[in-house]
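A.B. asks: Sequence:
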Amino acid sequence: MGFTQKEVAEKSGLSVFTISSLENGSSTGITLTSFIKLLRAIDSLEEIEKLLPELPQSPRALFKKQQK
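Just so we're aligned, residue 2 is where the sequence shown starts under my numbering, counting upward by one.
Think of the hints as simulated: they come from the structure by calculation, not from any bench.
A hint or two may mislead.
[Unchecked claim] Each computed DSBU-like pair below joins lysine-lysine, with the alpha-carbon atoms no more than 35 Å apart:
#1 Lys7 / Lys51
#2 Lys51 / Lys66
#3 Lys51 / Lys12
[Unchecked claim] Each pair of labels, with its calculated beta carbon distance range:
#4 Pro60 / Thr34: 27 to 35 Å
#5 Lys65 / Gly30: 24 to 32 Å
#6 Thr5 / Phe36: 33 to 41 Å
#7 Arg61 / Arg41: 19 to 27 Å
#8 Pro57 / Gly30: 26 to 34 Å
#9 Gln67 / Ser16: 50 to 58 Å
#10 Leu52 / Lys12: 28 to 36 Å
#11 Gly26 / Glu50: 42 to 50 Å
#12 Lys65 / Thr5: 21 to 29 Å
#13 Leu52 / Ser27: 44 to 52 Å
#14 Ile49 / Lys7: 19 to 27 Å
Quick reminder that beta carbons are idealized off the backbone N, C-alpha and C, glycines included.
Let's have the full structure, built from the sequences with the hints guiding it.
C.D. replies: Structure follows, in structure tokens:
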């Protein structure tokens, strides 16, 4: 994406160490808040949708669909 670790750290409020650990896979975990900060910093917040499961239709929506 063209960002240095320092730039991402400054934009996200996370440490360079954290960014480096995440990048090289040595991090033991990341909070959702930190993950969102990271995605925002690299202009990729929309990518979070790829991690979320598709929501099923609500019972009400299914009922309305059957009534048609």
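A.B. asks: Indicate, hint by hint, whether the structure satisfies it.
C.D. replies: We went through each hint and held it up to the structure:
no., hint, in the structure
1, Lys7 / Lys51, "holds (26 Å)"
2, Lys51 / Lys66, "holds (27 Å)"
3, Lys51 / Lys12, "holds (23 Å)"
4, Pro60 / Thr34: 27 to 35 Å, "holds (32 Å)"
5, Lys65 / Gly30: 24 to 32 Å, "violated (41 Å)"
6, Thr5 / Phe36: 33 to 41 Å, "violated (19 Å)"
7, Arg61 / Arg41: 19 to 27 Å, "violated (34 Å)"
8, Pro57 / Gly30: 26 to 34 Å, "holds (29 Å)"
9, Gln67 / Ser16: 50 to 58 Å, "holds (53 Å)"
10, Leu52 / Lys12: 28 to 36 Å, "violated (21 Å)"
11, Gly26 / Glu50: 42 to 50 Å, "violated (23 Å)"
12, Lys65 / Thr5: 21 to 29 Å, "violated (52 Å)"
13, Leu52 / Ser27: 44 to 52 Å, "violated (21 Å)"
14, Ile49 / Lys7: 19 to 27 Å, "holds (24 Å)"
Going down the numbered hints, you'll see the structure goes against 5, 6, 7, 10, 11, 12, 13, while the others check out.
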